[in-house]
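Participant: Spelled out, the chains give:
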Amino acid sequence: MPKATILFADNDPDFLKTRAEFLEQEGYLVIPAANPTEARRKLETGRIDLAILDIRLVNDKDDHDTSGLTLAKEVARTVPKIILTGFPSYKYVREALAPQVDGLPAAVDFLDKQEGPEALLRAIQKALSAPRVAQAVDIAARIKPEEGGDEIQALGDRARTQRKLWLLMGAFASLVLAAGTGIGAVISGDPRLLLGTFLLAFLMVVCIIIWNFME
Amino acid sequence: MAIDFLLISRPDNTGWPLFLSQALASLGTLEVVSESDAARRIAQYQCKAVVIIDAAVIEDVLALITRLRRQCPKTCIVVATASPTWQRARDAFQAGAVDYIRRSWDSKELLNTMKEILNVSLSQEE
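Protein sequences appear in the order of chains A and D.
Per our numbering, residue 2 is the first one in the first sequence, and the count goes up by one each step.
Per our numbering, residue 207 is the first one in the second sequence, and the count goes up by one each step.
Simulated from the structure, these hints should not be mistaken for lab results.
The structure presented is a predicted model; accordingly, all values stated were derived computationally and were not measured.
One should not assume that every hint holds.
A partial selection of chain D residues facing chain A, derived with a Cβ cut-off under 8 angstroms [claimed, not checked]: (1) F225; (2) A288; (3) T291.
Using 25 angstroms as the maximum straight-line C-alpha spacing, the simulated DMTMM-like pairs for lysine to aspartate or glutamate come out as follows [what the hints assert, rightly or not]: (4) A/K114 <-> A/E39; (5) A/K74 <-> D/E265; (6) A/K127 <-> D/E315; (7) A/K92 <-> D/D218; (8) D/K321 <-> A/E75.
Here a beta-carbon is modelled for each residue, glycine too, at the ideal position from N, C-alpha and C.
Make a model of the complete structure from these sequences and hints.
Facilitator: Written as structure tokens, this is what we have:
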């Protein structure tokens, strides 16, 4: 039985093969991915204990290619990830290791490919043994009520406003669709359209209720 | 509402600390403390100040982060350095810093960076 299942995403097939063989010898099950699409699909559907992601998963010569970092930020947030790159920079480290809005960093570790397989192995062992706990920073408690802090309040309100906007758009879309299916149900007399109308109306009500609670 | 910022630097270092203080004025007030006095001042702020470590004047940044993290597990610790490297950035994050920033002389850049850091922290509170 393998120690853990590791997704290894790298667009360099030779590097991927070499490292996968090394990790398999160390007792891990390695699932390879050669591009961001494949890595995303496997991360979303597979039972992955840890992901190792190259930063430039599309084109090594393109310094705007940060597809590996994007994956780390967007997909399977609870799966610990190690960023492995041939082009390390402190800006990439910031993107990888600074906490995101959910309190978790995009990755738990950052390695230069030149650090070698043993460093990778140590990083894997460390990542798999560490609890993935959000680093809660008690910022609200450090705010003191005084005059002239509108900008801080605005920062806090922005995320809530965005979520409320999405809910409102959802309610509106449900209303439009419910009206459409309702008219269709009346004209055709199809009970399935009627059921659809009720479901959409229900969805609209749910959106409005949630929106209301966020006030 | 305003934020208390504590910059751990040399108190006689008036250049960048003064600039930082002015850059962050719209967010709150900044106090400069020495490394030896940092623990006491942070305790007086009940661990609620945002701590910025001026890496240019601190001998062992990682040891300082570790000490502060032990004293205040949830305090927001930011490292500012004139010469950022990816290895030192990684070490700082792993020691417990929430960000590692360039010791910029661009007030807009400093303000935006600090807003981003606070924005992330505020989102976690919601």
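Participant: Against this structure, judge whether each hint is valid.
Facilitator: Here is what the structure says about each hint:
1. Evaluation of the D/F225 hint against chain A yields a violated restraint, the C-beta minimum of about 19 angstroms exceeding 8 angstroms.
2. A least Cβ separation of about 12 angstroms between D/A288 and chain A goes past the 8 angstroms threshold, and the interface hint is therefore violated.
3. For D/T291, the suggested interface contact is upheld, since its CB lies about 6 angstroms from the closest CB of chain A, less than 8 angstroms.
4. Between A/K114 and A/E39 the alpha-carbon distance is near 21 angstroms, which keeps this suggested pair within the 25 angstroms criterion.
5. For the given pair, A/K74 sits about 33 angstroms from D/E265 by alpha-carbon distance, which is inconsistent with the 25 angstroms threshold.
6. For a cut-off of 25 angstroms, the pair hint linking A/K127 to D/E315 is broken: about 35 angstroms separates their Cα positions.
7. Proximity of A/K92 to D/D218 is assessed by CA-CA distance (about 30 angstroms); at most 25 angstroms being required, the pair is judged violated.
8. Only pairs whose Cα atoms come within 25 angstroms are accepted, and D/K321 paired with A/E75 is accepted, the gap being roughly 22 angstroms.
Of the numbered hints given earlier, the model fails hints 1, 2, 5, 6, 7; all others are met.
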